[in-house]
Each structure stands twice: as C-alpha cells, then as structure tokens.
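Chains as they are written, first to last, in our numbering: chain Z, 1 to 114; chain E, 115 to 229.
Think of the hints as simulated: they come from the structure by calculation, not from any bench.
Honestly, I wouldn't trust all of these hints.
What the hints assert, rightly or not - Computed cross-link-like contacts, DSS-like style, restricted to lysine-lysine with a CA-CA straight-line distance of at most 25 Å:
| no. | chain 1 | residue 1 | chain 2 | residue 2 |
| --- | --- | --- | --- | --- |
| 1 | E | 172 | E | 185 |
| 2 | Z | 78 | Z | 11 |
| 3 | Z | 57 | Z | 11 |
| 4 | E | 136 | E | 182 |
| 5 | Z | 78 | E | 136 |
| 6 | E | 156 | Z | 11 |
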Amino acid sequence: GAGVSQSPRYKVAKRGQDVALRCDPISGHVSLFWYQQALGQGPEFLTYFQNEAQLDKSGLPSDRFFAERPEGSVSTLKIQRTQQEDSAVYLCASRRTSASDTQYFGPGTRLTVL
Amino acid sequence: GENVEQHPSTLSVQEGDSAVIKCTYSDSASNYFPWYKQELGKRPQLIIDIRSNVGEKKDQRIAVTLNKTAKHFSLHITETQPEDSAVYFCAASLGYSGSARQLTFGSGTQLTVLP
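With the rest of the complex left out, here is chain Z (with noise of 0.2 Å):
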C-alpha cells in the first residue's frame, strides 16, 4: 500500500515568510509524528498526534511553529516568520496505532531559509 507522502518535496522561503508543509499518512494510522533533521544529524521530534488531538508539542522549537490534523488523517505543519535556522528537513512519521511500535517515515519536505 502507499506509505507516508509529504509536499512539496523541495520549499525554498525568504525569511519572514510563512510556510505550509503537508503530511499524508498511511491510511488508518492512528499516530502522527513531526521531526526536524538537521544536516548531518538525526531527527528531533517536535510534536505528536493521536487521532485529531495534539497530545505533545514539547519539541516544537518557538511560537512560530504549530501543527494540526483537524480530522484525523492528513496534518499540515506551519511556520510563521521564518528564520534560517529553521531550514532543515521536516519529516512526518505515522504509526498504527498508539500501541504499536513501528513509525513509518516519510521522504520529508526540505526546507531553506534564505
């Protein structure tokens, strides 16, 4: 079946600008994650679904970041006023179901910050 997509691939922003980043996860997958990586370095987890409710936004860096999944399934990660220290890849990973182990990756959305 088709695995965890994001959009768009590639976002190129100048600082100050707004972004928007799109999350489809497996269908029926109950966990939604958000991570940013850094180059060179691992994921960072910034925030956590479970359904339509956002159970734990403890790693999202700033006011400036926030998240939702408004029915369930698809969640849209945005950036207000962004800073290049913001570029970096964002990447959605969901999970069956809250018991489950296994998170399922996406490619990610690349992001600069000029």
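Once you have looked at the hints, place chain E on chain Z.
Leaving out everything else, chain E in the frame of chain Z:
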C-alpha cells in the same frame, strides 16, 4: 529526557566484512530500540528493532544486541555489500501504550562499503 549517543560517526569496511555500530542511552525506562537506514535524500527506513525484554534479534545479515544493564545496544551487519552504504541511526523510546513514545535518535553513522 532521553539522550542517545552513537559511535562511530563514520565507518568504512571492505565488501564482505562485518560492520558494528554502537549506541548508548541514558534513561533506563526506555523499552524500544529501532535502527533506521537512510540513503541520501531518502526517508529513514526501519531495518530492525528490539524491545527491552529481548537480548538479541537477528534478521538475515542484520542483528541487534541489547545490554539493559549497561544501557547499550549495537547493530551488526555481516557480509556487507555496497548497497549497505548509507547513514544508520539508532533510536530509543520510552513510555506506556497511549503516550507519544516519540523516538530519540542518535547522531548517525555514515557506513561506506568499499567494493
């Protein structure tokens, strides 16, 4: 919170040799340890995982060992092939079913298999 350290950061081996990557974690409550392979520009892909109630798990040429006392786990790849060249990440998660149980990743190991 959890902290995961991974060594080495780069590893070069000859085709057919074995490769070993090691990770340590800080929180003794961590109970799930996956390994992901990430090729350049691609998504991380799970290659093997282990839970804390198991000491070793093997899948063909890949094996993972876990030492809970030392808070240490390792990835072993035997009979390496050029297509094994990639960045490998270890990760750990803790928590109970129903909580986020997000993954905390190591910093990655760039494995190069020389033909």
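To see whether the hints hold, each was checked on the structure:
no. : hint            : result
1   : E:172 <-> E:185 : holds, 19 Å
2   : Z:78 <-> Z:11   : holds, 12 Å
3   : Z:57 <-> Z:11   : holds, 23 Å
4   : E:136 <-> E:182 : holds, 14 Å
5   : Z:78 <-> E:136  : violated, 36 Å
6   : E:156 <-> Z:11  : holds, 16 Å
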